[in-house]
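Hey, can you work out the whole structure from these sequences and the hints?
Per my numbering, residue 45 is the first one in the sequence shown, and the count goes up by one each step.
It is possible that some hints are incorrect.
Claimed, not checked - No farther apart than 25 angstroms at their CA atoms in a straight line, the calculated lysine to any residue pairs in the SDA-like style are these: (1) K165 to P176; (2) K246 to E256; (3) K110 to W99.
Keep in mind the hints are simulated off the structure, nothing from the lab.
Everything numeric in this text was worked out from a predicted model, so none of it was measured.
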Amino acid sequence: MNDNEYLTKLDTDHIHVTTRPYLNKVMAHTEPYEVSVCGESITVLPSVMSPKYDWAGLYMIEYLPKDFSRQDVLELGPGCGLVSVFVGLRGATSITAADINPAAVENTNLNFKKFKIPNAKTVVSDVFSNVPKKKYDSIIFNLPYHDGLPANDLEKGVKDAGYEVMETFFAEAASFLKQDGKMYIGFSRSGNLEKFHEALKKNSVRIDDMEEKNMWNNPDYSGKDFHYNCQVYTCSFETP
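Structure (structure tokens):
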């Protein structure tokens, strides 16, 4: 099997072959634990998406702007709060973090308090359903890559049945984004890229920038359990 075949290879559960081992490792935890990311110690609760076994959050941090001063930021699907914490450390005026998994909301709030992130709030929300009705300068969302019915709240971070979450996100995001605002969207070649681009086109979303990375040769994330790719897109809405 060559690299390109491995990057997109799905198992019988229709998720990438590295995803089930990842979920099993996360679910094996029964107590909170610490993970070092970019020199900061992030607390992770059991049953929450974890940067200990996945590098998508790290990649988003590396990709995002280094300065969020004077910005109101919304992150959907923060998991343990990793990305939102770094956005706060980069000077965001306010941060709202919304996740469908109550354990993730608890975890994000815990890390906001740990790092003394000002003007940060968390909410349990199915996409935008409970997000405060306001306009944000930046919206961040590492989308669940795979089509499939989640078995529990944790799997909602990797499975999106019929890509309904993705469809809802792009259909409603314009109501929450300032006219000159940006969306930072994570996706993967192991997901359905055709569906992703169809959703962009359908909702008049423009790709302003895109970067793709495979961590196979990264010394911090080596081995078959990390052998997949991530894409991060900077997007905005087409102006009439």
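Here is how each hint holds up against the structure:
| no. | hint | result |
| --- | --- | --- |
| 1 | K165 to P176 | 10 angstroms, holds |
| 2 | K246 to E256 | 23 angstroms, holds |
| 3 | K110 to W99 | 19 angstroms, holds |
Of the hints listed earlier, there is not a single one the structure fails to meet.
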